[in-house]
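Let chain A serve as the given structure and place chain B on it in line with the hints.
For the protein sequence lines, the chains are A and B, in the order given.
Using the numbering used here, the letters of the first sequence correspond one by one to residues 38 to 286.
Using the numbering used here, the letters of the second sequence correspond one by one to residues 38 to 286.
These are calculated hints, taken from the structure and not from any lab test.
Be aware that a few hints might be false.
Unchecked claim - From the derived model, a few chain A residues whose C-beta atoms are all more than 10 Å from chain B:
| id | residue |
| --- | --- |
| 1 | A45 |
| 2 | H75 |
| 3 | H93 |
| 4 | F101 |
| 5 | S122 |
| 6 | D123 |
| 7 | L157 |
| 8 | Q200 |
| 9 | R219 |
| 10 | F220 |
| 11 | D253 |
| 12 | S256 |
| 13 | A259 |
| 14 | P271 |
| 15 | T281 |
Unchecked claim - Cut-off 30 Å, straight-line C-alpha distance, at most; resulting in silico cross-link-like pairs (DSS-like, lysine-lysine):
| id | chain 1 | residue 1 | chain 2 | residue 2 |
| --- | --- | --- | --- | --- |
| 16 | B | K90 | A | K95 |
| 17 | A | K106 | A | K41 |
| 18 | A | K41 | A | K90 |
| 19 | A | K95 | B | K95 |
| 20 | A | K114 | A | K73 |
| 21 | B | K73 | B | K41 |
| 22 | B | K95 | A | K90 |
| 23 | A | K176 | A | K106 |
| 24 | A | K90 | B | K114 |
| 25 | A | K41 | A | K73 |
| 26 | A | K114 | B | K90 |
| 27 | A | K176 | A | K114 |
| 28 | B | K41 | B | K106 |
| 29 | B | K90 | A | K90 |
| 30 | A | K95 | A | K73 |
| 31 | A | K90 | A | K114 |
| 32 | B | K106 | B | K73 |
| 33 | A | K95 | A | K106 |
As the list claims (entries may be wrong) - Counterexamples of contact, computed for chain B against chain A with all Cβ distances above 12 Å:
| id | residue |
| --- | --- |
| 34 | Y46 |
| 35 | G53 |
| 36 | A133 |
| 37 | R161 |
| 38 | R162 |
| 39 | K176 |
| 40 | E179 |
Using N, Cα and C, we set each Cβ at its ideal position, and we do this for glycine too.
There are 2 protein chains.
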Amino acid sequence: MRMKCIVAYDGTNYNGYQIQPNVMSIQEEIETVLTKIHGGSRIQIYASGRTDKGVHAKGQVFHFDTSLKLPTQAWIKAMNAQLPSDILILDVTVVADDFHARYDAVAKQYSYWIYTAPVLDVFRRNYELHYTYPLDFIKMEEALSYFCGTYDFTSFCSARTNQLDCVRTIYRFEMQRELENRFCFVVSGNGFLYNMVRIMVGTILDIGRGRFQPNDVLSMLAGCDRTLAGMTAPAHGLYLDFVTYENDK
Amino acid sequence: MRMKCIVAYDGTNYNGYQIQPNVMSIQEEIETVLTKIHGGSRIQIYASGRTDKGVHAKGQVFHFDTSLKLPTQAWIKAMNAQLPSDILILDVTVVADDFHARYDAVAKQYSYWIYTAPVLDVFRRNYELHYTYPLDFIKMEEALSYFCGTYDFTSFCSARTNQLDCVRTIYRFEMQRELENRFCFVVSGNGFLYNMVRIMVGTILDIGRGRFQPNDVLSMLAGCDRTLAGMTAPAHGLYLDFVTYENDK
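So that you can see chain A by itself, here it is in the shape it has in the complex (with noise of 0.2 Å):
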């Protein structure tokens, strides 16, 4: 039986979503959960995608295969009980046999959250960019425009990556403006490329600062080059907030 699952978690303490040797992963946290719950036999989960260290998630989704047969309000128990309280499961469903966390996802939702008063707030130090240069946020709006559509973000992509198809549609590119000094960018497309949220964030915070102009978004992606765009904001900044699969509603 093949089972989704919705999982919120706190990037701060570790390594990124992803197992690597040596380090804390979220996904390391949670097979080894499943695994104790399976008395020892080992389960693998897969997820949408990865994040990188330090970035946050409010759902991201996973699926893994299991013979037990159990509520969903069991599943999330059972998960909980033993989960560090950094990582918290959210929801739990059966699936399709063929169903795929990463394959079948049609579209993902960031959100990437900006703390503008001159001094940090440290109860928010890990949850949001304390970022203090006076922005405009006209010429923001405006940047935000340009990425919205299909295009080669070549230039808005690590350079460390080994990805060859960099077209991606971005849906909706908005910024809201909170009370306290507090604003955020929602981002949505079909796809992201590695780092590009942050990178896309970074370029528009310099637009906001005067390093460039909203316009020149255009010829960063044209350009289809990595040292054409702007600064990658930091991860603490960054959420995933959901991921969209065909079926759901």
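Then chain B, alone, in the frame of chain A:
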């Protein structure tokens, strides 16, 4: 020269404010940095009071003596550059040589944050109490009023105290509703006993869920016995907001 400092800290990773052998404390982190700044001459700091393991501060106050003459901004920069990211100096000022952060404090304000949604917010797990029992806010409002005034708070003090005089004055005790299933208690008084805020909050939550009636607070106060009051609320929802001194506006 005597310096008065205001400091914010995230208490999550510390064993409380006060220096103790073999564990991390806020005091030790700050004294270590100040001693370095003074070229190795041991500097001691004196705070307005201790905070427990896991308790946070938005405006703890301490003082220390120095022969160094630095402008305010230089002090702040020098200390924050060497302090860990969960301790943040907010202000440094020169005060009279007989100022004492503890003995001259005339009032303190604490707040206690609570989250009532069914599912934990993983990003706030160390910063607010997740409390899912249904609460009667009208009864809690009534209970708050019984605490205001001058009383012997023995029933609301940890039995592990050596305090002889347990009479304190509560000036104000309020509940503030926030968006998204959050609320907080805000309490100010001329001083607080060991665990006093946490026991008052725990008792009010017990009243909110029906374990006690609001006016039971009166007999709890009169009885001068810790076993009469309710639970001690967990540390991680509690914040020392600020400390007031006679010369403050």
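Going through the hints against the structure:
no. : hint               : in the structure
1   : A45                : violated, 5 Å
2   : H75                : holds, 24 Å
3   : H93                : violated, 7 Å
4   : F101               : holds, 21 Å
5   : S122               : violated, 6 Å
6   : D123               : violated, 6 Å
7   : L157               : violated, 6 Å
8   : Q200               : holds, 30 Å
9   : R219               : holds, 13 Å
10  : F220               : holds, 17 Å
11  : D253               : holds, 33 Å
12  : S256               : holds, 37 Å
13  : A259               : holds, 38 Å
14  : P271               : holds, 13 Å
15  : T281               : holds, 20 Å
16  : B:K90 with A:K95   : holds, 28 Å
17  : A:K106 with A:K41  : holds, 14 Å
18  : A:K41 with A:K90   : holds, 23 Å
19  : A:K95 with B:K95   : holds, 27 Å
20  : A:K114 with A:K73  : holds, 14 Å
21  : B:K73 with B:K41   : holds, 18 Å
22  : B:K95 with A:K90   : holds, 28 Å
23  : A:K176 with A:K106 : violated, 54 Å
24  : A:K90 with B:K114  : holds, 28 Å
25  : A:K41 with A:K73   : holds, 18 Å
26  : A:K114 with B:K90  : holds, 28 Å
27  : A:K176 with A:K114 : violated, 47 Å
28  : B:K41 with B:K106  : holds, 14 Å
29  : B:K90 with A:K90   : holds, 28 Å
30  : A:K95 with A:K73   : holds, 25 Å
31  : A:K90 with A:K114  : holds, 27 Å
32  : B:K106 with B:K73  : holds, 15 Å
33  : A:K95 with A:K106  : holds, 26 Å
34  : Y46                : violated, 7 Å
35  : G53                : holds, 17 Å
36  : A133               : holds, 26 Å
37  : R161               : violated, 9 Å
38  : R162               : violated, 6 Å
39  : K176               : holds, 30 Å
40  : E179               : holds, 30 Å
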